[in-house]
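S.K.: Listed below are the residues making up each chain.
There are 2 protein chains.
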Amino acid sequence: MNPTLEIFSQGEEIVTGHTVDTNAAWLSQQAVALGFTVTRHTAVGDKLDDLVVLLKEISLRADCCICTGGLGPTSDDLTATAVAEAFGLVLEFDVVAFAHIQQFFMTRNRLMPESNRKQAMLPKGAERLDNEWGTAPGFAVHYQRCWFVFLPGVPSEMRAIFLEKVRPTLATRFTLRPSTLVSIKTFGIGESDIQQRIGGIAIPAQVQLGFRASLNEVQTKLLFPPNYPGAEMRLLVAEFADILGDVVFAVDGLGEVTGDLAFTVDQLMQAGKHTLAVVETASQGLLAGLCVGSAWLLETRYECSLARLAQKLALAISADDLLEAAKAVALATRHGSGADFVLVQLYAGDFPALLDKGKLIDLQTVLLAGGRCYQAKRSIAGLPQRKQNQAALLALDLLRRYLQGSVSDAHLC
Amino acid sequence: MNPTLEIFSQGEEIVTGHTVDTNAAWLSQQAVALGFTVTRHTAVGDKLDDLVVLLKEISLRADCCICTGGLGPTSDDLTATAVAEAFGLVLEFDVVAFAHIQQFFMTRNRLMPESNRKQAMLPKGAERLDNEWGTAPGFAVHYQRCWFVFLPGVPSEMRAIFLEKVRPTLATRFTLRPSTLVSIKTFGIGESDIQQRIGGIAIPAQVQLGFRASLNEVQTKLLFPPNYPGAEMRLLVAEFADILGDVVFAVDGLGEVTGDLAFTVDQLMQAGKHTLAVVETASQGLLAGLCVGSAWLLETRYECSLARLAQKLALAISADDLLEAAKAVALATRHGSGADFVLVQLYAGDFPALLDKGKLIDLQTVLLAGGRCYQAKRSIAGLPQRKQNQAALLALDLLRRYLQGSVSDAHLC
Chain V
178 MNPTLEIFSQ GEEIVTGHTV DTNAAWLSQQ AVALGFTVTR HTAVGDKLDD
228 LVVLLKEISL RADCCICTGG LGPTSDDLTA TAVAEAFGLV LEFDVVAFAH
278 IQQFFMTRNR LMPESNRKQA MLPKGAERLD NEWGTAPGFA VHYQRCWFVF
328 LPGVPSEMRA IFLEKVRPTL ATRFTLRPST LVSIKTFGIG ESDIQQRIGG
378 IAIPAQVQLG FRASLNEVQT KLLFPPNYPG AEMRLLVAEF ADILGDVVFA
428 VDGLGEVTGD LAFTVDQLMQ AGKHTLAVVE TASQGLLAGL CVGSAWLLET
478 RYECSLARLA QKLALAISAD DLLEAAKAVA LATRHGSGAD FVLVQLYAGD
528 FPALLDKGKL IDLQTVLLAG GRCYQAKRSI AGLPQRKQNQ AALLALDLLR
578 RYLQGSVSDA HLC
Chain G
178 MNPTLEIFSQ GEEIVTGHTV DTNAAWLSQQ AVALGFTVTR HTAVGDKLDD
228 LVVLLKEISL RADCCICTGG LGPTSDDLTA TAVAEAFGLV LEFDVVAFAH
278 IQQFFMTRNR LMPESNRKQA MLPKGAERLD NEWGTAPGFA VHYQRCWFVF
328 LPGVPSEMRA IFLEKVRPTL ATRFTLRPST LVSIKTFGIG ESDIQQRIGG
378 IAIPAQVQLG FRASLNEVQT KLLFPPNYPG AEMRLLVAEF ADILGDVVFA
428 VDGLGEVTGD LAFTVDQLMQ AGKHTLAVVE TASQGLLAGL CVGSAWLLET
478 RYECSLARLA QKLALAISAD DLLEAAKAVA LATRHGSGAD FVLVQLYAGD
528 FPALLDKGKL IDLQTVLLAG GRCYQAKRSI AGLPQRKQNQ AALLALDLLR
578 RYLQGSVSDA HLC
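Here the protein sequences line up with chains V and G, keeping their order. The opening position of the first sequence corresponds to residue 178 in this note's numbering, with each subsequent residue numbered one higher. The opening position of the second sequence corresponds to residue 178 in this note's numbering, with each subsequent residue numbered one higher.
Since the hints were derived computationally from the structure, they do not count as laboratory data. A few of these clues could be false.
Said to hold, decoys possible - Using 27 Å as the maximum straight-line C-alpha spacing, the simulated DSS-like pairs for lysine-lysine come out as follows:
#1 V:Lys-450 to G:Lys-536
#2 G:Lys-233 to G:Lys-342
#3 V:Lys-233 to G:Lys-233
#4 G:Lys-489 to G:Lys-504
#5 V:Lys-342 to G:Lys-534
#6 V:Lys-489 to G:Lys-489
#7 G:Lys-224 to V:Lys-233
#8 V:Lys-489 to V:Lys-504
#9 V:Lys-301 to V:Lys-342
The shape of chain V in the complex, shown without the other chains (with noise of 0.2 Å):
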């Protein structure tokens, strides 16, 4: 029997709907995958009471509860006065707490706020958690049957904490039996090709099949009870691996880190020590931002119209044959640019076409490198954010493609 695990969320904005909560997906996965069986999510808002009752009721009926939200400096962060209720606490000023606090002010240049002091009150005989990323400390507590780990509900916070205080805690704490998730991560392709693709493989009973969709990607999910073999565990992927082909960018889950397909790029990129230089289009800026923190991006340019690019470069470019006109764009661009590698992007069709979500675009990508001329061409439709998005995963995509050496003469322009 696993541990039973129960994620709490606590904010106005969750139980009226304005958050979306989605740390507490974020977590079950988490927890799922340290051998947690998750047994249930509750989310209440800012009152005492509500919470008082809540934290009782789950003492007593889970082993261990992650809860998110209510660390804030403002008066309707209840979170700790709740817990010091329920569980018959007093709150303690927290000299440690109270010093990161200010710290986190003194190097941003800022006058800390009379209100912040109160983050650093914290339940007696709690464990601290250091948050190293805002202001708002979490802290663990143990009642009755539950162990209890309050961390702020800021996503970004939140998981920094769980990644580096709670989950090497929770291994100590708790006798787990973890199962192996391994994701095979996609782009290009949907769920449905994938189970036509895979539907002849023999999986064997004991291992779930599922999948994840996102509009960034496909994920391939394998989910391996505890102590199965690695082995066979791997020869499975691998197989799954090789029927999806040169759509797979990362296998997470079998030891190596990996990340989105802009993560994937990134180490790829660093590793080969490349240089880039990119011309967007349609993905307007999204293309440049998704390698942030990349030095080997070494400049990014946008026109609003295939005109202005011309004139910018001195080119007789038209849109009649889109694909010259992306080649010459970076022929030029290397030029200037001293990139090992030239991403462009163009798409047929004035600007209107972009906001239209009604309109389909034709989107032409041409990378150059290693000497040669690689080139991907798709129709994307959708709002203008849905288009963006979707031009700059399929210019990365390329890059990808190449860099991983699974790029076909299909591509060779």
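Assemble chain G onto chain V, guided by the hints.
M.R.: Frame of chain V, contents of chain G only:
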């Protein structure tokens, strides 16, 4: 007192975190707008005992409960069974429901799998909610103090049934007096600073004050009870807006359509028929990316170093005088772009400073507009993504201040 409402979501995919529960947020917003007080969200997996316990709990606690999920044809869809057991009802075969299900398959020229027959079994005495958008009919039933509404988990079906079949009946079944939520949206000020500034305002006891902080904005929320005099409401909101001053970029809830900072800038740029050219550094594409679909953004450029930028623009600039450098870049950019406005962003320190989450960078933003030059200086810290985000928003905010006429002489350079 508003009637209380709880949201109950069923499904392993939710408790395990494979699916983010967007239904709960959407339904909560609907309920709040109708005049309910949403007190709790709960999610449990596909375990009969958990469902039965939870249904009984809620029946004693809430006036209304909207439940989603568990109405499918498969063995792990247990809602109807759980309702029958929790409320002591038998399941009856509903002829009309079955006819609808058969119809659904017929119109799609598909054979109805035998398993779908199960979806026509409804608790005796329940009110059927026909599903014209899928196979799973919803239903509603009263138990103890609570009116339970059960809807399919597929968001599109859930929303359609709620809007067409549920919302109208809720208004007749409950005495609802919707309250008004006004959000004052600010950028460039922290939650605790806001609290200090507004400390002196006398807030009537019936008005509820709350805050919502994210990286992109801080919202000061005022919840006004039903039938609160409109004139007094506007006076109080105005008092808040005045005291908060030029950090306010939008006020939501008084009739105007508002959005985030980029939305506000977009509206103002369109209204003024202005055009913009951008040079980014720390925001690396995100500044442009946030303006996606904006015809007024003529061009953007990113260079990974000041040296490269100087060379490209043939300027003799250095980081020793960042403000002068930014001005020079802005003038050169305006000349080439023909844009009315130019936004330039430079930062002191080299690229690694951007990557080091411990390192602060000094950001210099300059805006050329209306024949004058405005500037803003700010230190930003954190992970590259956070610096990128802050840098983009700080630049947009300087433009927003100019467009709203709230840019002060302190910004002149």
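S.K.: Now look at each hint and say whether the structure bears it out.
M.R.: Against the structure, the hints:
Proximity of V:Lys-450 to G:Lys-536 is assessed by CA-CA distance (about 24 Å); at most 27 Å being required, the pair is judged to hold. At roughly 25 Å between alpha-carbon atoms, G:Lys-233 and G:Lys-342 fall within 27 Å of each other, so this suggested pair holds. The hinted pair formed by V:Lys-233 and G:Lys-233 meets the criterion: a straight-line CA distance of about 18 Å does not exceed 27 Å. A threshold of 27 Å between alpha carbons decides the hint, and for G:Lys-489 with G:Lys-504 the separation of about 16 Å falls inside it, so the pair holds.
With a C-alpha separation of about 18 Å, the suggested pairing of V:Lys-342 with G:Lys-534 holds against the 27 Å cut-off. Of the pairs offered as hints, the one joining V:Lys-489 and G:Lys-489 holds, with about 12 Å between alpha carbons and a cut-off of 27 Å not exceeded. About 23 Å separates the Cα atoms of G:Lys-224 and V:Lys-233, which keeps this hinted pair within 27 Å; it holds. Between V:Lys-489 and V:Lys-504 the alpha-carbon distance is near 16 Å, which keeps this suggested pair within the 27 Å criterion.
For the proposed pair V:Lys-301 and V:Lys-342, the alpha carbon gap of about 20 Å is at most 27 Å, so the pair holds.
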